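Given next are the chains, with one letter for each unit.
2 protein chains.
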Amino acid sequence: MKQYSEMDKKEMKKELEALRLEYDKYQNMGLNLDMSRGKPCKEQLDLSMEMMDTLYSGADLTCEDGTDCRNYGGLTGIRECKVLMGDMMENNPDNIILYGNSSLNVMYDSISRAMTHGIMGHTPWCKLDHVKFLCPAPGYDRHFKITEYFGIEMIPVKMTPEGPDMDEVEKLVSTDEAIKGIWCVPKYSNPQGYSYSDATVRRFARLKPAAKDFRIFWDNAYCIHHLYDDNQDHIIEILAECKKAGNPDLVYKFASTSKITFPGSGIAALASSLNNLEDIKTQLKNQTIGHDKVNQLRHVRFFKDIHGMVEHMRKHADVIRPKFEAVEEIFKKNLSGLGIGEWTKPNGGYFISFDTLPGCAKEVVARAKKAGVTMTGAGATWPYGKDPQDSNIRVAPTYPSLADLKVAAELFTLCVRIVSLEKLIEGK
Amino acid sequence: MKQYSEMDKKEMKKELEALRLEYDKYQNMGLNLDMSRGKPCKEQLDLSMEMMDTLYSGADLTCEDGTDCRNYGGLTGIRECKVLMGDMMENNPDNIILYGNSSLNVMYDSISRAMTHGIMGHTPWCKLDHVKFLCPAPGYDRHFKITEYFGIEMIPVKMTPEGPDMDEVEKLVSTDEAIKGIWCVPKYSNPQGYSYSDATVRRFARLKPAAKDFRIFWDNAYCIHHLYDDNQDHIIEILAECKKAGNPDLVYKFASTSKITFPGSGIAALASSLNNLEDIKTQLKNQTIGHDKVNQLRHVRFFKDIHGMVEHMRKHADVIRPKFEAVEEIFKKNLSGLGIGEWTKPNGGYFISFDTLPGCAKEVVARAKKAGVTMTGAGATWPYGKDPQDSNIRVAPTYPSLADLKVAAELFTLCVRIVSLEKLIEGK
Numbered sequence: 001m002k003q004y005s006e007m008d009k010k011e012m013k014k015e016l017e018a019l020r021l022e023y024d025k026y027q028n029m030g031l032n033l034d035m036s037r038g039k040p041c042k043e044q045l046d047l048s049m050e051m052m053d054t055l056y057s058g059a060d061l062t063c064e065d066g067t068d069c070r071n072y073g074g075l076t077g078i079r080e081c082k083v084l085m086g087d088m089m090e091n092n093p094d095n096i097i098l099y100g101n102s103s104l105n106v107m108y109d110s111i112s113r114a115m116t117h118g119i120m121g122h123t124p125w126c127k128l129d130h131v132k133f134l135c136p137a138p139g140y141d142r143h144f145k146i147t148e149y150f151g152i153e154m155i156p157v158k159m160t161p162e163g164p165d166m167d168e169v170e171k172l173v174s175t176d177e178a179i180k181g182i183w184c185v186p187k188y189s190n191p192q193g194y195s196y197s198d199a200t201v202r203r204f205a206r207l208k209p210a211a212k213d214f215r216i217f218w219d220n221a222y223c224i225h226h227l228y229d230d231n232q233d234h235i236i237e238i239l240a241e242c243k244k245a246g247n248p249d250l251v252y253k254f255a256s257t258s259k260i261t262f263p264g265s266g267i268a269a270l271a272s273s274l275n276n277l278e279d280i281k282t283q284l285k286n287q288t289i290g291h292d293k294v295n296q297l298r299h300v301r302f303f304k305d306i307h308g309m310v311e312h313m314r315k316h317a318d319v320i321r322p323k324f325e326a327v328e329e330i331f332k333k334n335l336s337g338l339g340i341g342e343w344t345k346p347n348g349g350y351f352i353s354f355d356t357l358p359g360c361a362k363e364v365v366a367r368a369k370k371a372g373v374t375m376t377g378a379g380a381t382w383p384y385g386k387d388p389q390d391s392n393i394r395v396a397p398t399y400p401s402l403a404d405l406k407v408a409a410e411l412f413t414l415c416v417r418i419v420s421l422e423k424l425i426e427g428k
Numbered sequence: 001m002k003q004y005s006e007m008d009k010k011e012m013k014k015e016l017e018a019l020r021l022e023y024d025k026y027q028n029m030g031l032n033l034d035m036s037r038g039k040p041c042k043e044q045l046d047l048s049m050e051m052m053d054t055l056y057s058g059a060d061l062t063c064e065d066g067t068d069c070r071n072y073g074g075l076t077g078i079r080e081c082k083v084l085m086g087d088m089m090e091n092n093p094d095n096i097i098l099y100g101n102s103s104l105n106v107m108y109d110s111i112s113r114a115m116t117h118g119i120m121g122h123t124p125w126c127k128l129d130h131v132k133f134l135c136p137a138p139g140y141d142r143h144f145k146i147t148e149y150f151g152i153e154m155i156p157v158k159m160t161p162e163g164p165d166m167d168e169v170e171k172l173v174s175t176d177e178a179i180k181g182i183w184c185v186p187k188y189s190n191p192q193g194y195s196y197s198d199a200t201v202r203r204f205a206r207l208k209p210a211a212k213d214f215r216i217f218w219d220n221a222y223c224i225h226h227l228y229d230d231n232q233d234h235i236i237e238i239l240a241e242c243k244k245a246g247n248p249d250l251v252y253k254f255a256s257t258s259k260i261t262f263p264g265s266g267i268a269a270l271a272s273s274l275n276n277l278e279d280i281k282t283q284l285k286n287q288t289i290g291h292d293k294v295n296q297l298r299h300v301r302f303f304k305d306i307h308g309m310v311e312h313m314r315k316h317a318d319v320i321r322p323k324f325e326a327v328e329e330i331f332k333k334n335l336s337g338l339g340i341g342e343w344t345k346p347n348g349g350y351f352i353s354f355d356t357l358p359g360c361a362k363e364v365v366a367r368a369k370k371a372g373v374t375m376t377g378a379g380a381t382w383p384y385g386k387d388p389q390d391s392n393i394r395v396a397p398t399y400p401s402l403a404d405l406k407v408a409a410e411l412f413t414l415c416v417r418i419v420s421l422e423k424l425i426e427g428k
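Protein sequences, first through last, are from chains A and B.
Read in order, the letters of the first sequence correspond to residues 1 to 428 in our numbering.
Read in order, the letters of the second sequence correspond to residues 1 to 428 in our numbering.
Same shape as in the complex, but just chain A (with noise of 0.2 Å):
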């Protein structure tokens, strides 16, 4: 088939008719399908389920230190679990604290923090006329909302698939002393499925921000979260990088185990300097006695180690792999050469970024939504919620079975179809 835009009017308004009988098949059907979050599905929640059987009444809870996981103490986490987070990290389990369930509550937490008590020592961020952040767009929606609540401004980067276009990160953070810090996902990014390149990372590193209380909010929610075992993406640890470039406290790296074991029932932790840490446990050791030392003992009993942990990361990807491919094949099949959409096609993490004409977002979603399929808002990957191209959407493949995802994603590419001719026709 011809690219629409080389149709004349007549052409399209013929092809647009037949699309259109089309969607109303779709929407006769009664669909309730749900693409829209980063959600495991059901299949991927059972490969977890013997992790319920690890601690049981006979059970000891007494860790290798001798703590006994029961009762209050801890404020940093368990060794044992610092040891498994941190060969997930690939960072020294010196320089972990655990938390609780959710990193996102910890990447909350830090900028609470830097809110009311500033960043070693520097002028709390509330005291300031102005704060900003650099967010690289399209990102994910949870981070932007994050700042956007404390009123930092928000300060849009272009992604590319190296990564944040870091000529301009460089020029903007060495330049605005009120840029306090920058929303990273370096690997398989939200929603791209980007990871960043080498040379991505050793610039990062080497950042000379103007302001000394700036800090990378690297959010490593993705590093073991691979779909394919032979193509798997690699970046270079942020922490070490920044320690041999003279900068060790430049980075805040989370991450969790939410996509591994139970989302909402997992344990997050955070990675930083020795400086950085100490920093953070002077609110620490205000905020909390300690968290979920049971929860860190269960999971260390599940995986024993990060070789376990590793292998069921292969279950998961048997799981969501045939979806990614299922949607990419369709997508393949219904846009190809058609020159109304481009998607990207990860190795990992749990999202394909799609990018229609530009003005086309919104309006696909809400097609969608009206024939019964849930898509991402549009809009949602950028700050403020809004795309300036209105063309961006995150397609989160995981969570329907993979018979109702091929529907969604057949519906989706009808859709994309529709309104990319409607505005054809609509400027000729």
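Derived from the structure by calculation, the hints contain no laboratory data.
A couple of the hints might just be wrong.
Repeated chains share a single entry, so a pair holds when one copy, or any two copies, can fit it.
What the hints assert, rightly or not - Below, simulated BS3-like cross-link-like pairs (lysine-lysine); rule was C-alpha separation at most 30 Å, straight line:
{"id": "1", "residue 1": "K132", "residue 2": "K285"}
{"id": "2", "residue 1": "K281", "residue 2": "K386"}
{"id": "3", "residue 1": "K428", "residue 2": "K9"}
{"id": "4", "residue 1": "K281", "residue 2": "K127"}
{"id": "5", "residue 1": "K285", "residue 2": "K145"}
{"id": "6", "residue 1": "K281", "residue 2": "K243"}
{"id": "7", "residue 1": "K369", "residue 2": "K281"}
{"id": "8", "residue 1": "K127", "residue 2": "K285"}
{"id": "9", "residue 1": "K304", "residue 2": "K332"}
{"id": "10", "residue 1": "K369", "residue 2": "K285"}
{"id": "11", "residue 1": "K285", "residue 2": "K42"}
{"id": "12", "residue 1": "K2", "residue 2": "K304"}
{"id": "13", "residue 1": "K243", "residue 2": "K132"}
{"id": "14", "residue 1": "K212", "residue 2": "K243"}
{"id": "15", "residue 1": "K362", "residue 2": "K285"}
{"id": "16", "residue 1": "K386", "residue 2": "K285"}
{"id": "17", "residue 1": "K25", "residue 2": "K362"}
{"id": "18", "residue 1": "K386", "residue 2": "K145"}
{"id": "19", "residue 1": "K281", "residue 2": "K42"}
{"id": "20", "residue 1": "K362", "residue 2": "K281"}
{"id": "21", "residue 1": "K285", "residue 2": "K158"}
{"id": "22", "residue 1": "K285", "residue 2": "K370"}
{"id": "23", "residue 1": "K243", "residue 2": "K14"}
{"id": "24", "residue 1": "K208", "residue 2": "K304"}
{"id": "25", "residue 1": "K145", "residue 2": "K281"}
{"id": "26", "residue 1": "K42", "residue 2": "K304"}
{"id": "27", "residue 1": "K132", "residue 2": "K281"}
{"id": "28", "residue 1": "K428", "residue 2": "K281"}
Remember, predicted model here, so these are calculated numbers, not experimental data.
Chain A is fixed; fit chain B onto it per the hints.
Same frame as chain A, now just chain B:
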């Protein structure tokens, strides 16, 4: 034996000499005992081990409304756990938000949110020049640490067996707009084990604060933590009373299962008016996707209902009641009639409060430490760690074994006698 103060100097010196010999014996025993923190003992933790069996690989982790507890979602917690915690807190489940493992963290978070965002549309506290809190003293050191960390000025208020001195509270709260809150442990207070009288609770509910964003931080940590079946304190439920008094939004109420199941692996909850909850949810939805629903379900499946929880608390009482009674007996045996100390005799909670002669507490704690018995630091029960009388010491009898506890209590009374005599001799 006659009161120490009625002895002449010679009698005192003779008594002191004998006590010092006894103290030397303790020093040679190489003791290492801890009466410092309100930690459950191993036997208490063992009471909840069967909770580890309630969820297992074959269990259905779906809750009553069909939610899969393993997955993301459920911002404010699962319904059946709200019912359980609501029954425990004597509140409607609709007035409850479930949190993670630590009510201390919820209190910290409530202050932090007020600092950065204000309460229900009022100016964020971080934008004000002065923020003050009333601190009934002696009180809970970790409360005071939170307000100190946020630079909130703490004003001690006198504690009585009926609760805080309400004349003082009413006067201060109604005249000073900078006073934004008060810390309360209304039932089996930390450290005295006092429970607020009906009159006190009613006066709290009828406060007319100058500050519209004044909140009572009602830490009902020991709501069902009785020592006796037949001698239980009861306090008026504060949310209902505030509603009756036309002050529905005046209170944040906190509780947790930390001293019911496992400290650090329990469920924390906040109860408040729907207005306050709406205000809090504005933050919560940016802060997390939800707390640990699997652990919420685990608790519900273990207790089934509030009756199960109450029966469980009777087992706790059976373990710790003999400890409270042993301490009381030793205090009575060694100190009665000497006029050098007073102590409380609570019906529940985790502490006994001891008052030495003025100026003796620090030295008593130091002496005990030197012989291997750790007490809560003298002064800890006051804001900024400053007990103006240097007389209050918190005694925590739950953690040591009964045998150890008896040794520790004997040594403690010995230290009280020695230090008191030294003080009295000095003063003659």
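Exercise for review: Please work out whether the CA atoms of K132 and K285 approach to 30 Å or closer within one copy, between two copies, in both situations, or in neither?
Suggested key: Close inside one copy (28 Å) and across copies (22 Å); limit 30 Å.
Check your understanding: When no copy is named, should K369 and K281 be tagged within, between, both, or neither for a Cα gap of at most 30 Å?
Key -> between (46 Å within a copy, 27 Å between copies)
Check your understanding: When no copy is named, should K428 and K9 be tagged within, between, both, or neither for a Cα gap of at most 30 Å?
Key -> within (7 Å within a copy, 110 Å between copies)
Check your understanding: From the Cα coordinates, with 30 Å as the cut-off, is the pair K285 and K145 best called within, between, both, or neither?
Key -> both (27 Å within a copy, 9 Å between copies)
Check your understanding: When no copy is named, should K281 and K243 be tagged within, between, both, or neither for a Cα gap of at most 30 Å?
Key -> within (21 Å within a copy, 39 Å between copies)
Review point. Within a copy, between copies, both or neither: where do K42 and K304 come within 30 Å Cα-Cα?
Key: Both, since 24 Å and 26 Å are each at most 30 Å.
Exercise for review: Measure nothing new, just compare the shortest in-copy and cross-copy C-alpha distances for K243 and K132 to 30 Å and report within, between, both or neither.
Suggested key: within (25 Å within a copy, 42 Å between copies)
Exercise for review: Go through the copies and call it for K145 and K281: within, between, both or neither, with a Cα cutoff of 30 Å.
Suggested key: both (25 Å within a copy, 14 Å between copies)
Review point. 30 Å Cα cut-off: does K428 pair with K281 within a copy, between copies, both or neither?
Key: Close neither inside one copy (62 Å) nor across copies (48 Å); limit 30 Å.
Point to revise | Alpha-carbon proximity between K285 and K42, which holds within one copy, between copies, both or neither at 30 Å | key: Cα proximity of K285 and K42: across copies only (24 Å, versus 37 Å in one copy).
Check your understanding: Are the CA atoms of K25 and K362 at most 30 Å apart within a copy, between copies, both, or neither?
Key -> within (22 Å within a copy, 81 Å between copies)
Check your understanding: How would you classify K362 and K285 at a CA-CA limit of 30 Å: within, between, both, or neither?
Key -> Between copies, since 24 Å is at most 30 Å while 46 Å is not.
In this structure, the hints that do not hold are numbers 9, 12, 23, 24 and 28, in rising order.
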